[in-house]
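Please take these sequences and the hints and turn them into a complete structure.
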Amino acid sequence: MGGSFPPALILMGAAALLPLFSRRVKPVVCLAAPLLSLFVIYATPQGAHWSLSFLDYQLVLGQVDRLSKLFGYIFSLIAFLAMLFAWRVDDDLERCAALVYAGSTLGVTFAGDFFSLYIFWELMAVASTFLILARRTPAARRAAARYLLVHLFGGLFLLAGILMRLAASGKLAVEHVGIDGGAANWLIFIGIAVNAAIPPLHPWLKDAYPKATATGAVFLSALTTKSAVYVMARTFAGAEVLIWLGAFMTLFPIFYAVLENDVRGVLSYSLINQVGFMMCGVGIGTPLALNGAVSHAFAHILYKALLFMSAGAVMYRTGKTLCTDLGGLYKYMPLTATFCIIGTASISAFPLFSGFVTKSMIVSAAGAGGMVVVWLMLQFAGASAFPYADIKVPFFMFFGHDSGLRPKEAPLSMLLAMGGAAFLCVLIGVYPQLLYGLLPYPVDYVPYTGAHVMGQLQLLMFGALAFCLLMLSGIYPAEQRAINLDFDWFYRKGGRGFYWLCDAGLNSLNRISERFLVQGVSRSLGEYFQAAPARLALLLLRPLWAMKGLGVPECERREQFLRAAMEAGGFPVGWAAAVALIILIFLFVL
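With the first letter of the sequence shown counted as 1, position 370 gets the number 370 in this note's numbering; the numbers rise by one all the way through.
Just so you know, these hints were derived from the structure itself, not from any lab.
List of simulated lysine to aspartate or glutamate pairs, EDC-like, C-alpha gap at most 20 Å:
1) Lys26 / Asp92
2) Lys171 / Asp56
3) Lys331 / Asp402
4) Lys320 / Asp402
5) Lys69 / Glu175
6) Lys548 / Glu559
7) Lys320 / Glu409
8) Lys26 / Asp90
9) Lys331 / Glu409
Across the chosen pairs, the derived CB separations fall in these ranges:
10) Leu427 / Leu501: 52 to 58 Å
11) Phe21 / Phe255: 43 to 49 Å
12) Leu427 / Gly328: 29 to 35 Å
13) Gly319 / Tyr42: 37 to 43 Å
Backbone N, C-alpha and C fix where the C-beta goes; we use that ideal spot for every residue, glycine too.
Structure follows, in structure tokens:
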């Protein structure tokens, strides 16, 4: 029963039919669609489902195993919570785009062949762009254009790699590819890395997410990067390059998060930091590391969505997202502040919260593999992110200085969505076996040991102490209204340089071509062919004039008359007949 219809098409079908429903029914449809897809995923047994023939290839829309089921569960669940959060949204564009986006993500998750995966991959890019456009501001439109260009660029790399792999091996199945298979595999890797926001391919994320709608940012934070984590785990598990890329990802966003003034910009940098842990786990490639990467992706979707929901609720009530404009809101939005703190505790890996039982698996896998440098990098990143990125969001939104804002508490639908995500963050932290039982490999990891709990608490407490000392001493950088650039400095400067190169190079070539072809060759040919009829007529008439005994002055007069008549478009009938007769005689003689 469950395997009768692909879950991706359930959400897409709901998006297609949504405009037909009344205003009251539309929110219900948006909630029912992800719940139905969740049931279908649960009821579908493992194996290949929903196959269809295309040319000489077999496309599989439902490759179901423990890994794809786990991601299918969380993608459907977060779509439900995000749609509950968006209950008050009265915008068909935003609702339909969100449903298509979530459906495309499920399509990527269950795709058994690269063609199907690529189609859903590109649908994700297009649908998610509309979640940025739906905010309908000039900044959002510009960010959406940049976002779409980057993802289409990454999609071209992915498609090129798929076609090269197909030509070389004839394989289309989504399986372990490995990094050592030549140019085709590298192209596939780069295409996935764009969506995973692996540096230096990440600027699109922190550029676009803060510009999206309140609901759009929740969907964006949950789907694009985590679907890339899933595909990386499926195709490039054990790739050593991912270990170092992931470790670097965990470190560099921390320092930029300190400087960022937009709350959702801080969350975007924090998101890159957390995806770095997942990439590192995928790169290590052991069962413990892969379980850690997958479980951390599951937990991260929940707590990061919770944090974006809290920021979105504040934006909904105040219209503001900058740290310099916010502060002191805990008195007026206490429930939102509480949920935000739960999300912060989860992302910071406090004991009894979800991040503690998932992130530690990756760190432990690095230690078990003898990767001392990587282990130290991950520990430093985890400890540093807490004071410099994780605390910053609740502190500047709900505490800090009094901004003078007096908003109402978030609407009930938003509170229910945040409460559901917060409950799951605590449930996974208190009872991790609930999540461990869904992981792709058997789990014998025990997170709650005395050494682990005390070690983590020490890291967090010293991190909090560092934050307090920096704030009290005035060393912590003050929030400023500014655009902070990291790797996108190269894109912006490089883009200008590329534009100059095109202008100086290609336009110079255009000018040279114009002088040579248009003003030179084309003009000469035009003049030649314009004068050709007169020349041909004179060539035939001069012998006749000589036979008639006309003098030189008379012949010159007639030539001038003939040229003027030809330029004016007129020609004496008798002369035309004579020329035609001469041509016929000439042809007859030949």
